[in-house]
Amino acid sequence: MRANSKAVFAKSSTIMILLFIALFIFFSVASRHFFAVGNIMNLFAQMVELGLLTLAMAVSMISGGMDLSIGTLCSFCTVLLAIFISQLALPAGIAIVLVLLIALLCGALNGFFVGYLHITPMLVTLGTQSLFLGLGLVVSKGVTVSIPIDQLAIFGRYKIGGVFPFQILLFIAAIIFSVILFNHSRTGRRIYLIGSDAEVARFAGIDIRNNLLFTYVFSSFMAFAAALVIASRISSGRADVASARILQTVCAAVFGGVSTLGGIGTIGGAMLGVAVITIVSNGIDMLQVSQFLQQIITGGMLLIVLAFRHARKNNLGIA
Amino acid sequence: MKVRQLFKGKTREMILAAVIILMGAVVSVITPSFFTTLNITNILNGNAVIGIMSVGMMMVIVTGNIDVSVGPQFAIITMLTASYAKAEHGENVFVTVLLGILIGACLGLFNGLVVAKLNIPAIVVTLGTMNIMRGTLYLVTKGHWVEGLTGPFAKFANARYMGLPRSVIIWFLVLLFTYFILYHTRIGRDILAVGGNKIAAGRIGISRTRAYLCAFGYLGALTGLAAVLSASRLKIAQPSNGIGYEMQLIAATVIGGTVFAGGVASILGTFLGVLLLGIINNGLVLSKIPIYWQDLATGLILIIAVASSAFQSKKSIKIRKGGDAK
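Line by line, the protein sequences give chains F and L. Residue 1 is where the first sequence starts when you use our numbering, and the numbers rise one by one after that. Residue 1001 is where the second sequence starts when you use our numbering, and the numbers rise one by one after that.
Excised from the complex, chain F in its bound form (with noise of 0.2 Å):
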């Protein structure tokens, strides 16, 4: 079962890698403006801030759960960082290590909620949500609070020789941390078994409270610095800046093969669902058709995927 499983999610990939392939050649056709040197960097640079989330939203996954809470702990994040940068005139070296230091705590709070109290992830990050929602709102008083534009520029708006925008750097430092600890380390593995059975896991002498716990502050992280990349960019912070975000990283998520129910799924998997999400929606962009198109080939790609997978699921014979 193990060896098929890996071999449907390994075949799963490959249909995104050509699916991926595919819409770039069809945009490239279709648009003038895409296969340009500017709109495939742009391209890539638009991946980063999904991406990141969806780094989130995978392990939270993986784990067995599903943390709702980084499109506004993210949100948050960039509040606090305007608001020390700004307000309370901080350098920005410290207002990144605080607020990098607040949102680990609120990570924690998540993991405790899940691994100490044993609650149904969704309904702690549900609440979480709303909570970390109405912190932002409250401590920015519910208005956009904007950043000098001298400050945080190298991680959202700075390009390597003017064409070469920095977060993708950063992205791919993120996705290679990820990769060697959720795919290639014990802790990782462990985070998986608990994912696919926390009975089992028990059994075989995990800790399930701290991987938990670790499993929903790396989660935080990843807000974190996808919130670096927001505020740098737009140069301020707002309460729901990134919320709406959230449904996109469960799309991208499952898309590349991660299962909400669980232990099944890699990193690298749900990096190809950004992949393809970005493409969609920056092809779409080019050819200047409706936002909204958008949204449906998203949804409607998400079922024809999983009825697919659910097919092949069953001529495979693992439930």
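None of these hints come from the bench; they were simulated from the model. Hints should not be assumed to be uniformly reliable.
[Said to hold, decoys possible] A partial selection of chain L residues facing chain F, derived with a Cβ cut-off under 8 Å:
no., residue
1, Leu-1127
2, Asn-1131
3, Gly-1135
4, Ile-1250
All values reported here derive from a predicted model rather than from experimental measurement. Backbone N, C-alpha and C fix where the C-beta goes; we use that ideal spot for every residue, glycine too.
With the hints as your guide, set chain L onto chain F.
Okay, now just chain L, sitting in the frame of chain F:
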């Protein structure tokens, strides 16, 4: 004796009611305008739409599923029924209501069918249909509103009996009807059984597909009913209606004590959950606290509610284990 039996196993509802009374008392002290017939009626009227839908969401959660596509469903139905009512100049209210319920039931049944037949987690399926529905709605309507509703339709939801608006009365009727279905019909028992243990229910011949279809269809139908009431009450429909409703519904249901894993329902609790969130929002407004504290309060209450139910279920497991030992 009888009274004690009535409250047996209703600890959670009692606690909720106590919290609501306490909160009401606090707000009444802060602002005298809270505890007036007008304001109480307003709270009920303002939450009737969420209240009606949350009972449907409870049904779906009882089967161990979830439906996050209720927001767009709601928007689609408000748009369609409002357009229809406008074309008919608000006549044929009955047909409009029926139309709303039917469209809703169809949308819900589609979700239920996909979840049951493809065996994919409901959250992922409804996430997909949510995107499709909302996108289609924007694409077709191009973001335009339907407004200027007149005639009997515009008066439908606001008509009052004994001081209570019709939407509130319909809400109460829906609660009673759901109680009847869930505890006094075969399909209700089947839904509870499937939610409690899918495999066991399957072994004794209960159709999982049928239970799922009924639960999702019921949620859809209630969403339709609520959407018509909303269009009639506000006399306007817009494609952005219902954004974020799914979270509010889930929050209210879970605060009310319905178990997320399925199999346990609480109609009274769901009602009280909606009421609690409604009173908080209303109290914050009346106490002149900035509106952005609302989300913070909602989040805190939800966390406290789920944490307390986690402790409660731990206790009940201990009691059960103790009983076995004897």
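We went through each hint and held it up to the structure:
no. : hint     : in the structure
1   : Leu-1127 : 6 Å, holds
2   : Asn-1131 : 3 Å, holds
3   : Gly-1135 : 3 Å, holds
4   : Ile-1250 : 6 Å, holds
The structure fails none of the hints (numbered hints given earlier).
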